[in-house]
Amino acid sequence: MALEKPYADIPGTVVFDADQARKGYHLNQFCMSLMKADNRARFKADERAYLDEWPMSEDQKRAVLARDYNRMISLGGNIYFLAKLFSTDGKSFQYTAASMTGLTQEAYALMMLRGGRSPEGNRRVGETPAPERSEAEGE
Amino acid sequence: MARITAGIATSHVPAIGAALDNGRAGEPYWKPVFAGYEFSRQWLAERKPDVVVLVYNDHASAFSLDIVPTFAIGCAASFQPADEGWGPRPVPIVEGHPELALHIAQSVIQQDFDLTIINRMDVDHGLTVPMSLLFGQPQRWPVRVIPLAVNVVLYPPPSGRRCFELGKAIRRAVESFDEDLDVEVWGTGGMSHQLHGPRAGLINREWDNHWLDRLIEDPEAVSRIPHVEYLREAGSEGVELVMWLIMRGALDPRVRTVHRFYHVPASNTAVGHVILENEE
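Protein chains in written order, with my numbering: chain A, 1 to 139; chain B, 1001 to 1280.
Keep in mind that the hints are not guaranteed to be accurate.
Here are the computed lysine to aspartate or glutamate pairs in the EDC-like style, where the Cα-Cα straight-line distance is at most 16 Å [what the hints assert, rightly or not]:
no., chain 1, residue 1, chain 2, residue 2
1, A, Lys-61, A, Asp-46
2, B, Lys-1031, B, Asp-1021
3, B, Lys-1168, B, Glu-1229
4, A, Lys-36, B, Asp-1122
5, A, Lys-36, A, Asp-89
6, A, Lys-23, A, Asp-59
7, A, Lys-91, A, Asp-68
8, A, Lys-23, B, Asp-1066
9, A, Lys-5, B, Glu-1229
10, A, Lys-44, A, Asp-89
11, A, Lys-36, B, Asp-1083
Residues on chain B that point at chain A, a partial pick, calculated with CB under 7 Å [said to hold, decoys possible]:
no., residue
12, Ser-1064
13, Leu-1065
14, Ile-1067
15, Pro-1069
16, Ala-1076
17, Leu-1195
18, Ala-1200
19, Leu-1202
20, Arg-1232
21, Ser-1236
Heads up, incomplete: computed chain B residues facing chain A, CB under 8 Å, no partners named [what the hints assert, rightly or not]:
no., residue
22, Pro-1014
23, His-1059
24, Ala-1060
25, Glu-1084
26, Gly-1085
27, Pro-1088
28, Leu-1154
29, Tyr-1155
30, Glu-1179
31, His-1196
32, Arg-1199
33, Asn-1204
34, Asn-1268
Honestly, the hints are just simulated from the structure, not real lab data. The beta-carbon is built from N, C-alpha and C at its ideal position, and this holds for glycine as well.
All chains, please: the whole structure from these sequences, using the hints.
This is how it looks when you write it as structure tokens:
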């Protein structure tokens, strides 16, 4: 029997569960490797060549090269592992979170100063106002 | 004998550590955050606990996906601040308490909690940001620390119930340790926040404060809240709050609130902080 996923109807959210962790193992371990300064330097020198050392899918490698964080998340990435990648780029959690919402960092920061994104309409898919869905939820 | 003297909970937002380390704590954005901890720093300076059992989660710093322990207790003599990708935080080395840590490990394993024993581990912002918030920027931390790392990264984290019961088991362990020590249990993480996806930035002030009311008054009920409620109401990363239940479980059913603070935002996150004591 499959495990229940009562969280599958939360909009704009990919829970890093067993299925995601299995898909994202090499993607996340690649990110982990960027905790070492030598690896960061090699990655920056030739990103594609460094990625080719990892048994990641082509989709995952393209998502990394494009810094498409929503895509990386849908392909099994976890935000705390992906943090090693955006830290390597000198970017913050807030910059990266904003990039996933479609807002500029300024607009996102202003939303946070005003109390953050409201849970109203954001608890379940299909509620109004309907939020944008991420790709992984269709799986 | 050793005794539990207080429970403290606080968020552990990495940007708070960065603000402090980079001398930006006095800026208008950060000032209200640090102001919420002024009372607590004075209170702790007077109380002078000997040991803190510091419940936190590792953020892919000490543990990659190769090994994911649900509960791991740090039994080393010291722990280095981790390099999380931008160099280690400029904070003192964290000194442990191997004798008490191993005593707790043995005691709670015999109470059916299968802790992973860690003898070498770096500690990331999950542990060092609470230290900075509550002790400021000393040359040396004024307390020994037993890190208790809880997996909240790979779903599912342990249930709230399991965390609450582990807190009770830790209290029994501490109270059976021969040395005369004042021990505090700290729970960290939360409150509402979501760091990924189109729903990033979710904050639920009403839910956070109601949850905190119930954590203080009726922790048994809070311990039964299913994970999906945290994910839905407090954001995907808000599920870290289960760690506060370990702190709460180490205290009596009835407690006194010494201090309570709530602020939005710190970067992506709602900051919550509370100091609780057993009613005498």
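Quick rundown of the hints versus the structure:
Pair hint Lys-61/A plus Asp-46/A holds up; C-alpha atoms about 13 Å apart against a cutoff of 16 Å. The straight-line distance between the Cα atoms of Lys-1031/B and Asp-1021/B is roughly 14 Å, inside the 16 Å bound, and the hint therefore holds. For the suggested pair Lys-1168/B and Glu-1229/B, the alpha carbons sit about 24 Å apart, so the restraint of at most 16 Å is broken. Pair hint Lys-36/A plus Asp-1122/B holds up; C-alpha atoms about 14 Å apart against a cutoff of 16 Å.
Under the criterion of a C-alpha separation no larger than 16 Å, the hint pairing Lys-36/A with Asp-89/A is consistent with the structure, at around 14 Å. Among the hinted pairs, Lys-23/A with Asp-59/A is consistent with the structure: their alpha-carbon atoms are about 12 Å apart, no more than 16 Å. Restraint check for Lys-91/A and Asp-68/A: satisfied, since their Cα atoms lie roughly 14 Å apart, inside the 16 Å limit. Restraint check for Lys-23/A and Asp-1066/B: the C-alpha separation of about 14 Å stays at or below 16 Å, so the hint holds.
Annotation: proposed proximity of Lys-5/A to Glu-1229/B holds, straight-line Cα distance about 13 Å (limit 16 Å). For the given pair, Lys-44/A sits about 9 Å from Asp-89/A by alpha-carbon distance, which is consistent with the 16 Å threshold. Between Lys-36/A and Asp-1083/B the CA atoms are separated by roughly 9 Å; this keeps the pair inside 16 Å, and the hint holds. Interface hint status for Ser-1064/B: upheld, as the beta-carbon distance to the closest one in chain A is roughly 5 Å, under 7 Å.
A hinted interface residue such as Leu-1065/B counts as satisfied when its beta carbon comes closer than 7 Å to some beta carbon of chain A; here the least separation is about 5 Å, so the hint holds. With a least beta-carbon distance of about 12 Å to chain A, the hint placing Ile-1067/B at the interface is violated under the 7 Å criterion. Given hint, Pro-1069/B at the interface with chain A, is violated; its Cβ is 15 Å from that chain's nearest Cβ, farther than 7 Å. Taking 7 Å as the C-beta contact cut-off toward chain A, the hint placing Ala-1076/B at the interface is violated, the least distance being around 20 Å.
Residue-level restraint check for Leu-1195/B holds (minimum Cβ-Cβ distance to chain A is 5 Å; threshold 7 Å). Hint status for Ala-1200/B relative to chain A: holds, with the closest Cβ pair at about 4 Å, below 7 Å. About 5 Å separates the beta-carbon of Leu-1202/B from the nearest beta-carbon of chain A, less than 7 Å, and the hint is met. At about 5 Å, the closest approach between the beta carbon of Arg-1232/B and any beta carbon in chain A falls short of 7 Å, and the interface hint on this residue holds.
Checking Ser-1236/B against chain A: minimum C-beta separation of about 5 Å stays under 7 Å; hint holds. Taking 8 Å as the C-beta contact cut-off toward chain A, the hint placing Pro-1014/B at the interface holds, the least distance being around 7 Å. Given hint, His-1059/B at the interface with chain A, holds; its Cβ is 4 Å from that chain's nearest Cβ, closer than 8 Å. For Ala-1060/B, the interface hint holds, since its Cβ comes within 8 Å of a Cβ in chain A; the closest pair sits about 4 Å apart.
Hint status for Glu-1084/B: holds, given a least beta-carbon distance of 7 Å to chain A, under 8 Å. Taken as an interface hint, Gly-1085/B checks out: its beta carbon lies about 3 Å from the nearest beta carbon of chain A, inside 8 Å. Using the Cβ-Cβ criterion of 8 Å, the hint placing Pro-1088/B at the interface with chain A is not satisfied: the shortest such distance is roughly 11 Å. The restraint placing Leu-1154/B at the interface with chain A holds, with a minimum CB-CB distance near 6 Å, inside the 8 Å limit.
Proximity of Tyr-1155/B to chain A holds as hinted, the smallest CB-CB distance being about 4 Å (cut-off 8 Å). With its C-beta approaching chain A no nearer than about 36 Å, Glu-1179/B sits outside the 8 Å limit, and its interface hint is violated. Because the beta carbon of His-1196/B sits about 4 Å from the nearest beta carbon in chain A, less than 8 Å, this interface hint is met. Interface hint at Arg-1199/B: satisfied, since its Cβ lies 3 Å from the closest Cβ of chain A, which is below the 8 Å cut-off.
A hinted interface residue such as Asn-1204/B counts as satisfied when its beta carbon comes closer than 8 Å to some beta carbon of chain A; here the least separation is about 5 Å, so the hint holds. Here the hint on Asn-1268/B is kept, as its CB sits about 5 Å from the closest CB of chain A, short of 8 Å.
In the structure shown, a violation is registered for the earlier hints numbered 3, 14, 15, 16, 27, 30, in ascending order.
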